[in-house]
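Enquirer: The chain contents come next:
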Amino acid sequence: MAKVTIDDITIEVPDGTTILQAARMIDEKYGTHTAPPTMCYYSKLKTTGGYCRTCIVSVTQGSEKDPRPMPKPVASCRTNVMDGMVVKNNTSPELLEARAGVVEFLLINHPLDCPVCDQAGECHLQDLSYENGDEGSRFQFPKRVYEPIDIGDKVKLNMNRCIMCYRCVKVCDQITDNRVHGMLYRGADSEISTYIEKAIDNDFSGNVIDVCPVGALTDRTFRFKSRVWFTKPVDAHRNCETEGCTGKVRLWFKGDDVLRVTSRKDQWGEAESFICNTCRFEKKNANDWVMEGPSKISHHSVINQNHYELQQIKLGIKRQIKHLTGVKIDLGEGALNPNNIQK
Amino acid sequence: MNEGGEAFSKIGVGKSTGTKLISASGHINKPGVYEIELGVPVEEFIYSDAYCGGIRNGKKLKAVVAGGSSVPILPAELILKTAKGEPRLMTYESLSDGGFATGTMLGSGGFIVMDEDTSIVKNLFTFARFYRHESCGQCSPCREGTSWMEMILRNFITGKAKMSDIDLLWDVQSKIDGKTICPLGDAASWPVAAAIRHFRHEFEEYVNNPQSIKEVKHYFRLNNLQEA
Ligand code: SF4
Ligand code: SF4
Ligand code: FES
Numbered sequence: 001m002a003k004v005t006i007d008d009i010t011i012e013v014p015d016g017t018t019i020l021q022a023a024r025m026i027d028e029k030y031g032t033h034t035a036p037p038t039m040c041y042y043s044k045l046k047t048t049g050g051y052c053r054t055c056i057v058s059v060t061q062g063s064e065k066d067p068r069p070m071p072k073p074v075a076s077c078r079t080n081v082m083d084g085m086v087v088k089n090n091t092s093p094e095l096l097e098a099r100a101g102v103v104e105f106l107l108i109n110h111p112l113d114c115p116v117c118d119q120a121g122e123c124h125l126q127d128l129s130y131e132n133g134d135e136g137s138r139f140q141f142p143k144r145v146y147e148p149i150d151i152g153d154k155v156k157l158n159m160n161r162c163i164m165c166y167r168c169v170k171v172c173d174q175i176t177d178n179r180v181h182g183m184l185y186r187g188a189d190s191e192i193s194t195y196i197e198k199a200i201d202n203d204f205s206g207n208v209i210d211v212c213p214v215g216a217l218t219d220r221t222f223r224f225k226s227r228v229w230f231t232k233p234v235d236a237h238r239n240c241e242t243e244g245c246t247g248k249v250r251l252w253f254k255g256d257d258v259l260r261v262t263s264r265k266d267q268w269g270e271a272e273s274f275i276c277n278t279c280r281f282e283k284k285n286a287n288d289w290v291m292e293g294p295s296k297i298s299h300h301s302v303i304n305q306n307h308y309e310l311q312q313i314k315l316g317i318k319r320q321i322k323h324l325t326g327v328k329i330d331l332g333e334g335a336l337n338p339n340n341i342q343k
Numbered sequence: 001m002n003e004g005g006e007a008f009s010k011i012g013v014g015k016s017t018g019t020k021l022i023s024a025s026g027h028i029n030k031p032g033v034y035e036i037e038l039g040v041p042v043e044e045f046i047y048s049d050a051y052c053g054g055i056r057n058g059k060k061l062k063a064v065v066a067g068g069s070s071v072p073i074l075p076a077e078l079i080l081k082t083a084k085g086e087p088r089l090m091t092y093e094s095l096s097d098g099g100f101a102t103g104t105m106l107g108s109g110g111f112i113v114m115d116e117d118t119s120i121v122k123n124l125f126t127f128a129r130f131y132r133h134e135s136c137g138q139c140s141p142c143r144e145g146t147s148w149m150e151m152i153l154r155n156f157i158t159g160k161a162k163m164s165d166i167d168l169l170w171d172v173q174s175k176i177d178g179k180t181i182c183p184l185g186d187a188a189s190w191p192v193a194a195a196i197r198h199f200r201h202e203f204e205e206y207v208n209n210p211q212s213i214k215e216v217k218h219y220f221r222l223n224n225l226q227e228a
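Residue numbers (the working numbering), protein chains in the order written: chain A, 1 to 343; chain B, 1 to 228.
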C-alpha cells in the first residue's frame, strides 16, 4: 500500500495505482473534485493514456524515501504513485496555467462547430475547455481541414474534430477481431483513417463512437436527429446473443421514440461495458428492451444544467485578478471544487 | 581508446573527461568533424587552425549553437566568455554555466557558427520547420505547438508579424517545454526561447521594418521560402 496526498487530501492506495486512479478514488470517497481531466486515458482499454497531456499534475514530493519534487509536470494517467508522494493538481496555479496551454493546443485546429456537432452536450472537449481553458483564441492561421468521411453506413468520421487521443484505435485493436483503422502520417499531419476509407465492419465497431471524447466519430443513425439534451436517457437491457456483448445499454428517448442506443457511461464518462452493433444500431424499438429506469448522469456536462455557472464565476475571478494585477492567485485549497462554492 | 580507459579519462577537465567528436559547421573556414580533448577553450576551437580555422571571409562572430539545433543559441560575447567573465571551455560544465539564462549545453556536439550577416530569425525558422516535421504527433503540445511556432515564425520572415507575436511565440514555447511525452518538445522550444532571450531586437526589427528582411544575407538556403 502507498500513501499519497493529492491537493491536500491523503489516501492509501494499493501499489501500482496511478496518480489519476488515486485521485478518482479520493473523489469517489469524499465527493471532491481532485481528479484531473482526461481525454485519452480509458480505464476499460489497455495502453491508453499519455497522449493528450490534459491530465498533467505536478509532483511536489516524489516519495517518502526520495522527497525531491519531479522537475516537470507528469501525466497522472501514466505515473504510478509512490509511498509518501505529494501531488498538486487544482491547488497549483502554474499547473492550471500549463493545462490551459494544453487545452489551447487541442483547440487551435479544432473547428468549434458545436452548433452543428452531434457530440455537443456530452462532449469532453467542451467540458475541458470550459473548465480548464482560457477564453479567446490566439491562433490566427488557417486551421487544418479534412472532408468528413463515412466509415461504413453507421459511423461518420469528421477528422477536423479529432483530438488524436487514440482511443478508437485501441478499441479496434482490442475489442474487435479485425483492426482496420489507425493513425496515418505523423506530427501535425496525423489523421485517423481506415486505410483507403475502407468501411469498419464488425460486431463491435460501433464502440468507437462511445469512446471518442469529441464529435469526430458519431452515429450516422442518430445524425442530426436531436440535440442530446432534448433526449431522455433510460437504462435498459436485453438478452443479447452476440458473444462479448453485455446487452446493458442506455436508450435515449424523445417522446416514445428511441433515437439512439449507447453504452452506459460511468461518472468519468467512460463506458461501463462495450455493446455490439446489433444492440446499438438495430434495436431502436422500446419493445426490444427491458427498462430499468431513468439513467443517472453523474458526469457533469451541459446535460447537467447550471454546472457551468459556478465554474464560470470562479474562473472569472481568477482571470480578472491575474489580468488586473499580473499576479496569479491561488484561491486556496478546494477553491476549484464546485462543491465548495456557495450558491 | 587504445591506451585504456584510465588514460582516456585523464584527458579533459573536471567531470568532462575524454574526447568528443564535434561536428563543426556554419561560417567557418574549415567545417568538419573534429575529435577534441574536452577542455579546449571555445575561442581556440573557433579560431585555431587546428580546428575551425576562424570565421569565413574575416567576418565577425555573431552567435553559436554549441550542441545541436535544440540547444540554446548564444551570442558571441556569451559563448566566448561566461556571464562571470571566465573563458568558456568545450566541456559539459562550462557550456552549461549560467543555466539557460546565459549558458547553453554541449549536447550532441553539433557546433554551428554564425557570422555577423546571419539572420537569427530566419535560422530559427529553419529549426522550427525541422521540428514541426520531426514531431511524431502523439501528444498535443508538441503536435500542435511545433506547427504553430513554425507558422508564427513564417510570419516574421515574410514581414507579416505583429509586435505581440514575439510574446505569443514566447508563451507558446513555454507551454510546450516540459509538457510533452518525450524531449522532442523541449528540444523544439529551447531554440525559440533562446533566440527571443538573446536576440529580441532582431524580431522587433523584422516587425518594424519588414523591408530589412530582404537585405539580410542568409547562409541556410531557403530559396523556396516564399512559395513554401
Ligand atoms: S467535438 Fe465537441 S467541441 Fe468540437 S464541435 Fe463537437 S461539440 Fe464542439
Ligand atoms: S477519432 Fe475520436 S477516438 Fe479516435 S483519435 Fe480522434 S478523437 Fe480520439
Ligand atoms: S489522459 Fe493522461 S495524457 Fe491523456
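Don't take every hint at face value.
With a Cα cut of at most 30 angstroms, we get these calculated DSS-like pairs of lysine-lysine [what the hints assert, rightly or not]: (1) A:LYS3 - A:LYS254; (2) A:LYS65 - B:LYS15; (3) A:LYS154 - A:LYS296; (4) A:LYS225 - A:LYS46; (5) A:LYS154 - A:LYS232; (6) A:LYS296 - A:LYS284; (7) A:LYS65 - A:LYS29; (8) A:LYS3 - A:LYS29; (9) B:LYS15 - A:LYS72; (10) B:LYS62 - B:LYS84; (11) A:LYS65 - A:LYS154; (12) B:LYS162 - A:LYS143; (13) B:LYS81 - A:LYS143; (14) A:LYS72 - B:LYS84; (15) A:LYS225 - A:LYS254.
Rough simulated footprint, nothing fancy, chain B against chain A, three-plus residues with beta-carbon under 8 angstroms [stated by the list, open to error]: (16) 96–103; (17) 136–148; (18) 180–192; (19) 245–258.
Please keep in mind that the hints were generated in silico from the structure rather than gathered at the bench. Built from N, CA and C at the ideal position, the CB exists for glycine as well.
Enquirer: Next step is simple, just say for each hint if it's right about the structure.
Expert: Hints versus structure:
no. : hint                : verdict
1   : A:LYS3 - A:LYS254   : violated, 47 angstroms
2   : A:LYS65 - B:LYS15   : holds, 28 angstroms
3   : A:LYS154 - A:LYS296 : holds, 27 angstroms
4   : A:LYS225 - A:LYS46  : violated, 33 angstroms
5   : A:LYS154 - A:LYS232 : holds, 22 angstroms
6   : A:LYS296 - A:LYS284 : holds, 21 angstroms
7   : A:LYS65 - A:LYS29   : holds, 27 angstroms
8   : A:LYS3 - A:LYS29    : holds, 15 angstroms
9   : B:LYS15 - A:LYS72   : holds, 26 angstroms
10  : B:LYS62 - B:LYS84   : holds, 20 angstroms
11  : A:LYS65 - A:LYS154  : violated, 54 angstroms
12  : B:LYS162 - A:LYS143 : holds, 20 angstroms
13  : B:LYS81 - A:LYS143  : violated, 45 angstroms
14  : A:LYS72 - B:LYS84   : holds, 28 angstroms
15  : A:LYS225 - A:LYS254 : holds, 10 angstroms
16  : 96–103              : holds (count 3)
17  : 136–148             : holds (count 3)
18  : 180–192             : holds (count 7)
19  : 245–258             : violated (count 0)
Violated hints, in rising order: 1, 4, 11, 13, 19; the structure is consistent with all others.
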